[in-house]
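Chemist: Put chains X, D, B, G and C with the ligands on the given structure of chain W with help from the hints.
6 protein chains.
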Amino acid sequence: FQGINTFAHLDHHKCLLDPETPYDVALIGVPFDTAVSYRPGARFGPRAIRAASQRQTSLRGYNQRANFNPYQSWAKVIDCGDIPVTPVDNSVAFLQMTEAFKELISERKSVDSTSVPPRYVALGGDHSILLPHMRALHKIYGRLNVIHFDAHLDTWAPDKYPSFWHSDQSEINHGSMLWKAHEEGLTTRHNVHAGLRTKLSGLEDYEDDDTQHFLRIHADDIWLKGPEYVVKQILDTVPADTPTYISVDVDVLDPAFTSGTGTQEPGGWLPRELIHILRSIEGLTVVGGDVVEVSPAYDNAEITSTNGAQIAYELITSMVK
Amino acid sequence: FQGINTFAHLDHHKCLLDPETPYDVALIGVPFDTAVSYRPGARFGPRAIRAASQRQTSLRGYNQRANFNPYQSWAKVIDCGDIPVTPVDNSVAFLQMTEAFKELISERKSVDSTSVPPRYVALGGDHSILLPHMRALHKIYGRLNVIHFDAHLDTWAPDKYPSFWHSDQSEINHGSMLWKAHEEGLTTRHNVHAGLRTKLSGLEDYEDDDTQHFLRIHADDIWLKGPEYVVKQILDTVPADTPTYISVDVDVLDPAFTSGTGTQEPGGWLPRELIHILRSIEGLTVVGGDVVEVSPAYDNAEITSTNGAQIAYELITSMVK
Amino acid sequence: FQGINTFAHLDHHKCLLDPETPYDVALIGVPFDTAVSYRPGARFGPRAIRAASQRQTSLRGYNQRANFNPYQSWAKVIDCGDIPVTPVDNSVAFLQMTEAFKELISERKSVDSTSVPPRYVALGGDHSILLPHMRALHKIYGRLNVIHFDAHLDTWAPDKYPSFWHSDQSEINHGSMLWKAHEEGLTTRHNVHAGLRTKLSGLEDYEDDDTQHFLRIHADDIWLKGPEYVVKQILDTVPADTPTYISVDVDVLDPAFTSGTGTQEPGGWLPRELIHILRSIEGLTVVGGDVVEVSPAYDNAEITSTNGAQIAYELITSMVK
Amino acid sequence: FQGINTFAHLDHHKCLLDPETPYDVALIGVPFDTAVSYRPGARFGPRAIRAASQRQTSLRGYNQRANFNPYQSWAKVIDCGDIPVTPVDNSVAFLQMTEAFKELISERKSVDSTSVPPRYVALGGDHSILLPHMRALHKIYGRLNVIHFDAHLDTWAPDKYPSFWHSDQSEINHGSMLWKAHEEGLTTRHNVHAGLRTKLSGLEDYEDDDTQHFLRIHADDIWLKGPEYVVKQILDTVPADTPTYISVDVDVLDPAFTSGTGTQEPGGWLPRELIHILRSIEGLTVVGGDVVEVSPAYDNAEITSTNGAQIAYELITSMVK
Amino acid sequence: FQGINTFAHLDHHKCLLDPETPYDVALIGVPFDTAVSYRPGARFGPRAIRAASQRQTSLRGYNQRANFNPYQSWAKVIDCGDIPVTPVDNSVAFLQMTEAFKELISERKSVDSTSVPPRYVALGGDHSILLPHMRALHKIYGRLNVIHFDAHLDTWAPDKYPSFWHSDQSEINHGSMLWKAHEEGLTTRHNVHAGLRTKLSGLEDYEDDDTQHFLRIHADDIWLKGPEYVVKQILDTVPADTPTYISVDVDVLDPAFTSGTGTQEPGGWLPRELIHILRSIEGLTVVGGDVVEVSPAYDNAEITSTNGAQIAYELITSMVK
Amino acid sequence: FQGINTFAHLDHHKCLLDPETPYDVALIGVPFDTAVSYRPGARFGPRAIRAASQRQTSLRGYNQRANFNPYQSWAKVIDCGDIPVTPVDNSVAFLQMTEAFKELISERKSVDSTSVPPRYVALGGDHSILLPHMRALHKIYGRLNVIHFDAHLDTWAPDKYPSFWHSDQSEINHGSMLWKAHEEGLTTRHNVHAGLRTKLSGLEDYEDDDTQHFLRIHADDIWLKGPEYVVKQILDTVPADTPTYISVDVDVLDPAFTSGTGTQEPGGWLPRELIHILRSIEGLTVVGGDVVEVSPAYDNAEITSTNGAQIAYELITSMVK
Ligand SMILES: [Mn+2]
Ligand SMILES: [Mn+2]
Ligand SMILES: [Mn+2]
Ligand SMILES: [Mn+2]
Ligand SMILES: [Mn+2]
Ligand SMILES: [Mn+2]
Ligand SMILES: [Mn+2]
Ligand SMILES: [Mn+2]
Ligand SMILES: [Mn+2]
Ligand SMILES: [Mn+2]
Ligand SMILES: [Mn+2]
Ligand SMILES: [Mn+2]
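Chains as they are written, first to last, in the numbering used here: chain W, 217 to 537; chain X, 217 to 537; chain D, 217 to 537; chain B, 217 to 537; chain G, 217 to 537; chain C, 217 to 537.
These are computed hints drawn from the structure, not numbers from a lab. What you are looking at is a predicted structure, and each value in this text was computed from that prediction instead of being measured. Hints are not guaranteed to be accurate.
If chains are identical, the list can't say which one is meant, so a pair holds when it fits in one copy or spans any two.
To be verified - In silico DSS-like pairs for lysine-lysine, Cα to Cα no more than 30 Å straight-line:
hint, residue 1, residue 2
1, K537, K318
2, K230, K325
3, K292, K230
4, K441, K537
5, K537, K325
6, K355, K292
7, K318, K355
Just chain W, same shape as in the assembly:
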């Protein structure tokens, strides 16, 4: 409870202003929430996740499930602060986010020069922040596999809902950014949804989703078929040696664990299940990731943001180990 709140008490650098600072893995906040369909508030997600991460320290950072302390290793892990982003014009906001991610990822060296460029765990913000992140990663790695933990598909094509009020800007929102990423050629044919339980427009949603090359793992699979079934499905779909992006919408968890999110869906995963899956797929080539949709105004006693901080920790562990 002491000190200025950076993620896990990590050193803070204003990475966007100071392109010379080298590091290997960074947290980057993206306080953006104006592409949501229901409850806003995820703009306060980065602040909440940082506050909830204060019990993480490098001294007490050994991940017992991974047998590894990501904060004491070859890698320099820092907190880059937030990307400044306007809350009143999404077109501008996506430009801001895209430029920021490009700058962060493309134009600097990591500490370990033999390593890949610096990698980021983005702290949302709503789920649409995945798009600028993947645009930047695509510049370096080309197409990416996406492992998408979410109650929802987020591959909804906006043209499926023609409207008198259509606009380009409204095409990108927190339910369509995976569709957009596919449209822009950022994704491979080896993608996975895990934790799905959303209501649908109809089975045509799945047809669209198939076109975007996603395997769908339903929320119930983890308890009706078992965690190893889920792990196997993921590992059979995503090649271990190609660049992979892991995106965690905290609503993949049941609302009891993530009341602080925008679009609750009853019947979700338990935190232990998500952590177990994340650890079980740590062998993949994770080049970027995010934890999104933490909306603290609806949280209770930091439960959601503590889960968010834990997920970020697991992703960092996977990146560094």
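Modeler: Just chains X, D, B, G and C with the ligands now, with coordinates in the frame of chain W:
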């Protein structure tokens, strides 16, 4: 988040005032909570469930677990608003509820004239609202099987607790209405409790319960014996082709998922378990049902009422499919 | 606590879909909150204000401070529901709101044909919804006096903050819409701010504000100089017989009374002071008004939304009396 | 924060079971809330007030505004626990409460034999508990003056609202118990309402109220006319030497100070105003009193119940000094 | 909701002041929380657990999982209130607690003279209260087996963290008290941690823990290996016929079930799992126990404290059965 | 809502580690709360105040009541982060705090070399942190006048409460630190309490307080006698040209404005009154100050911490202007 809050944005009709409106399935709120033994507040349950149902729409209403969209089908599904009921005199209140249910159920036609009369999912309100609902259903269908999801027995006989202050009115409360329904001959010999974990007066509670022909499925059975065990127990007990009433006291779920209820019992079901069971018994002949004991003053970020809205949706799916 | 939640149990008409319904005064919800600078969430304001208004009824609606029952009078008062508005594209959203208000105000008759056209109390939503409302009113009444209850100026000119990321869309937000209204020629030279206590960029903010012809009444005036001073300042500034718009940002009240708002400013008015001022200026020609910035995720036990519902009630009283 | 929660750590006696214990002033909880028109929950009021009173102790109990420590004086002050009362049958409940109060008041001696019989501060519970309390006091003292701090009149005659569903039981509720007390001849012609700001049915409400001999002090009087005006109005109305009952509905305070109550009315008194008035009228002959309508499920951080505990402390001070 | 809040409405005796009262099993509150590393507030744990236990009564106290009613048996079960303990000097506080426990345990007779001395379930308070409890038990029973349900090890040796600011007092805190108990020779070689998932300093934490003779059962074991695996591990480690202390840190449960605690760790047990384990090991010789780390300021609708009250009930059942 | 949370987005320097950084005024957090008598939690006060200060920026930092922008002036204002302080040993903690303050104040230069040494606004933490702050200031300035805004005296002499369990450590707590400051000769004869309304042990508390040379301004004076009376009392007591320390316990405000504090006292000041007084005494020679007792676990929607941040801002304004 737009528009006057009816359940799932369904059309609203004041069904009690307008007996001519035809429909097949209706939501009906019963804002009554003065028959409770501990925390009151379920009078605000219908409002809370409606608010929490706003992310349900007919366009995005396809139930993927059921392969069916109950809001786009042969059936007209509407929201009938609330039954007006006094909060200061339970005897009068039960008259009001009983008259209202009788009028709603007995005296009108459904849209589909080949179908059964209109059916209702009642939104409680405390659990005692089951009694007037079943009284009305009995007029049409005769005795009903009851599938009762609850942490508690609710078959407690009031004469078991003789008191200086006994009164007829206090005989009917949210722990005795199943006993009363049995007394009045409304129930069959094929009834089930699922999710039980209440403390008891002693084993004589089970003897009374046996007399009322209930099979008891304890809360732990679903994880120690498995969900298919629970499904089989229910389907072995309740004949598929006789009229069945499904009553869901949200306290069947663990308090983490239903803090907004009157009488928490640790160790309950997970929402995914309840949804799975409801879907697995959809083949039964469901002629009425309820979701009760949502008490929003104790809820956190609409978790309980969102679960309540989901349960109503699952019941409607079963009725319409 | 009974029945579908319309404002004060008033009749609900979908006024935008049904232009034939006559009425004199209507509530209209504007669930828009993507023009805010800090906490979002006011999109749930209309729902919350309606829920908090449930203890208002026409039978128990006599306003003792006004000696008048606005729900039992010559005027037909109804609830028109909400204006549908996109949450992901503000340019489109302002088109939607502007078209809706124009349609509501310009193209229909009131019940009392000798009266002015129907008038509206808009339930926000963030403060920027004032702009489309005033654009529509201007079509009928020409320039309007504005009485603006707020902790903040909301006359900030966007060109005062040049930015690399400037966009037309971001010009209109909940701190600049009064400036925009002035730019568009919607306001007169007789306007008042009341309750001000915001931090400033500097005294040049006041110069800009002077240009827009606002008298500034600071928050402390009401207790250091007295309520009659405030009343006199308003009545000396605003001509009683010219069309006037009253806009109430609930943050004019101290945060203890309106925790459920976006931008708290310590040191605000008490609800009794605001009600007293509103009643004391009831002789003005109020042709439109709003209650904005109710953001229920931050509210406690409906205090903010109950104050919002009371303010709407006072405005309706002034319109009808 | 230590020890079993009695009011202010006072000794606890089960006074109803043990009629021999002598004392002079007692707290008595009345956990009854099924006569309310809106939010229930005041059954948990006594528990909440006791918890919030834990910072009161006899060692640190000197009331500086009164220059007196009511817990260290000639009087024995104790906590009598709660009256057991059914939550499912109001007719029975009123019998229970009436019998209990009669027994407590009529049939025992105080410690100081020269003194009046033991006196009680009742901790509500909803406001209707005033009725059994006054019935018992009437047995000893005859008619009582009532000083009624409340936003509401609570003198509403039930026959003013004829209903198909009329019942004797529903005649007594938390808005009519003063009318009933007048009907039963319990009150004098010297009664006061203070803090009124309720909406009315119409001016006929005041006519009824006049018939019941109440002076009405409106909420705004305390700040528009000053506290001494209010004090003078009360002291001019209530004879100092005749038995007086002081009843404090915590909704007399503004909802910011009493969010934990059933029927919020914006524009109420500040706690310091209420305390000042209570101290200024301490010379009256207070033979009984209550603090009612504390409903902790809606409270925030014990603000309401702390105010409730303070009010009880002020009443005890007045009784003992 | 009626009556002064003792645990489960049990009789209250001030056991420390009155050494003559005989009893067999007692609840004893320890409102101490100044040995915590993160969130304080557990000083209000005893009050909260008592309030949450109000739905437990001896009449409705039959534990169906145990086939036993611990409140109606050979044993006299009472509530001894709280140990007074200073919140501003931990050295003094540990003296106070140690003296109190010694006095409670060593110097009095149980009701059943053939039985062991009175036994206690301590209601925390932070986890460090285990130390004085075990010191007192050791006087009678000698070394004790410890079954420690916790997310954390709590065997951390303070000398592992040398500091400029070292002090004897800071050696004992809620993460080191098991180390201290081992240092003082209070524990046997047959101890178990269950539910572990804390981050570590490194594997050397386990080496220290081994030295203190603890078997470690990780949180995931209960769902990945099954509950019977956990039961067998415990029963294979702890001899059934030697004195055993069961300590339950409520953070062994997932934060969704225990938001009201000091140091949340995602991925914990479900309440039904903990209850099942407690019941499955009821054959052990339980001579003392505790429920600790309930911090109600962070709780939601009493979920955590209701779980705490249930755990106490299970421990009492095991002691009495 | 963007960026790492420093106070008002000011630059952050780890001042204790880097004694070379020059500055004029600094915020310094003191996350200490183990000297409290009731609710703990103020250790999270600095974090909460910083979060609530995010709407303060230097660009929009003009204090209109003071006609001055303290963030754009001759003075360099920064955020020094927190003093590390143990939560489990108060003796050590006071050493840590005292050393830290001495180092911060005594051993460095301000930016403006003509000015006094750097000055600090301490963000509590509980009120006892005043003591180390004043100890350090005394090294430079000698005896200080204290203006103490508080509901409580905080001059209680520990020897007034002899106890079997007395200890030196417990002498310093959040109710006695002013007594200790007087004992140590840190204070002058010109001190003021403002906002008092605590219950007392008796009038002897005032005698002790007189000995410590405090003028007492009671909470009611500000509304019964007026704000100018209060200002005059302060200015008549405290010499304008001698070093003065301003300490603000947020419980001087009524609990509705500061639910997030440890020891609520009904009947407090309104925020506008406190701000007005602070501005009216800005001519004094303020060499240090604090805002203490913000305990966010009990706060609602950041009301308390927003008031805390405003108070800090007013103190900084007074220091810099
Ligand atoms: Mn999602
Ligand atoms: Mn998503
Ligand atoms: Mn139940
Ligand atoms: Mn039930
Ligand atoms: Mn504003
Ligand atoms: Mn505004
Ligand atoms: Mn009232
Ligand atoms: Mn009342
Ligand atoms: Mn633990
Ligand atoms: Mn522990
Ligand atoms: Mn204080
Ligand atoms: Mn203080």
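Chemist: Run every hint past the structure and note whether it holds.
Modeler: Do the hints match the structure? See the list:
1. Proximity of K537 to K318 under the C-alpha cut-off of 30 Å is restricted to the intra-copy arrangement: shortest distance 25 Å within a copy versus 44 Å between copies.
2. When the C-alpha separation of K230 and K325 is checked against a cutoff of 30 Å, the pair qualifies both within a copy, at 15 Å, and between copies, at 27 Å.
3. For the homomeric pair K292 and K230, the shortest alpha-carbon distances inside one copy (15 Å) and between copies (21 Å) are both at most 30 Å.
4. Taking the shortest alpha-carbon separations for K441 and K537, both the intra-copy value of 29 Å and the inter-copy value of 26 Å come in at or below 30 Å.
5. Proximity of K537 to K325 under the C-alpha cut-off of 30 Å is restricted to the intra-copy arrangement: shortest distance 19 Å within a copy versus 46 Å between copies.
6. Taking the closest pair of Cα atoms, K355 and K292 come within 30 Å of each other only inside a single copy of the chain (23 Å); across copies the shortest separation is 42 Å, beyond that limit.
7. Taking the shortest alpha-carbon separations for K318 and K355, only the intra-copy value of 8 Å comes in at or below 30 Å, while the best inter-copy value is 47 Å.
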